[in-house]
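2 protein chains.
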Amino acid sequence: MSWLDEISWDKDGLVPVIAQEHGSGKVLMFAWMNREALALTSDTKQAVYWSRSRQKLWRKGEESGHTQTVHEIRLDCDEDVVLISVEQTGGIACHTGRHNCFFKKLEDDAWKVDQPLVKNPEDIYKPIA
Amino acid sequence: MSWLDEISWDKDGLVPVIAQEHGSGKVLMFAWMNREALALTSDTKQAVYWSRSRQKLWRKGEESGHTQTVHEIRLDCDEDVVLISVEQTGGIACHTGRHNCFFKKLEDDAWKVDQPLVKNPEDIYKPIA
Chain A
1 MSWLDEISWD KDGLVPVIAQ EHGSGKVLMF AWMNREALAL TSDTKQAVYW
51 SRSRQKLWRK GEESGHTQTV HEIRLDCDED VVLISVEQTG GIACHTGRHN
101 CFFKKLEDDA WKVDQPLVKN PEDIYKPIA
Chain B
1 MSWLDEISWD KDGLVPVIAQ EHGSGKVLMF AWMNREALAL TSDTKQAVYW
51 SRSRQKLWRK GEESGHTQTV HEIRLDCDED VVLISVEQTG GIACHTGRHN
101 CFFKKLEDDA WKVDQPLVKN PEDIYKPIA
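Protein chains in written order, with my numbering: chain A, 1 to 129; chain B, 1 to 129.
Hints may be right or wrong, so weigh each one.
[Said to hold, decoys possible] Incomplete in silico selection of chain A near chain B, CB under 8 Å: (1) Pro16; (2) Cys77; (3) Ala110; (4) Tyr125.
Derived by calculation from the structure, the hints in this document are not laboratory data. Here the structure is a predicted model, which means the values were calculated and not measured. Glycine is no exception: its CB is placed at the ideal position from the N, C-alpha and C atoms.
Full structure from sequences and hints, please.
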C-alpha cells in the first residue's frame with residue numbers, strides 16, 4: 001500500500017493543494033494535483049500540478065522559470081487536502097507577476113489590490129521567436 | 001454590483017476557502033463557502049462555511065465552541081479561491097482536537113502524525129443529555 005493510496009482523490013482523481021512559502025508562511029497559491037503530479041512532486045522535490053484547464057501536468061515554472069522547491073508535504077485529517085511548503089524561485093508564485101495569488105483584500109465591501117508587481121507578466125512569459 | 005458577484009463560484013455555487021491563523025501564519029483548515037456563508041462571514045466576522053456532507057451552513061464552532069474570528073478576507077488572481085486570516089478560539093481548528101488539520105507529514109513514503117491532541121474529541125463534542 002502506497003502513501004498515495006491513503007489520499008481520498010475526488011471523482012476526477014484530483015486533490016486540492018495549498019502551497020505555502022517555507023520561512024514566511026505566506027500562502028502562495030492554490031492548485032490541484034492528480035496521483036502522477038503528487039508522485040512527481042515527492043520524487044523530484046519540485047512542485048508539479050495538474051492543470052484542469054489544459055488537462056495536463058503542469059510543472060510549475062516550466063514557462064516562467066518560477067519553480068517551487070518542496071520542503072514538506074502534509075495531508076489533512078480527512079485525507080483530501082494537501083499542504084506543501086515550498087521555496088519559491090524568483091519570489092513570484094502568481095502568473096500576474098506578484099509574490100502570491102492572494103493580492104485582493106476585502107475592504108469596505110470591495111476587493112483592493114495590495115501587492116505590487118514584482119515583474120511584468122510580459123517579461124515573464126516571452127513569446128517564442 | 002456586489003463584491004460577492006466578482007467571485008467565480010463553481011458549478012455547485014461554492015468557493016474553496018483556506019483558513020490561516022492570524023499571527024502564526026499556520027494553515028488551519030480548508031473548507032468551502034457558498035454565497036450566504038461568505039456574506040455571513042464578512043458581516044459577522046465569524047467564519048461560516050458550507051458543509052458539503054451535511055448540505056447546510058456550518059457556523060464554525062457551533063458545536064465545539066472553537067469559533068474563528070475573521071481578521072481578513074482575501075481573493076486570488078482567478079477569483080475562485082478565498083483566503084481568510086482568523087483568530088482560532090481554543091487553539092483548536094481540527095475536529096480531531098488538534099491545533100490544525102494538517103498534522104500528517106510525509107516522511108520516508110509514509111504519513112506520520114506530528115501534532116499532539118490539544119483536547120480529546122470526546123471532551124469537545126459532548127452528547128446532548
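- Of all the hints given earlier, name the ones this structure violates by number, lowest first. Number 4 - this is the single hint that the structure violates.
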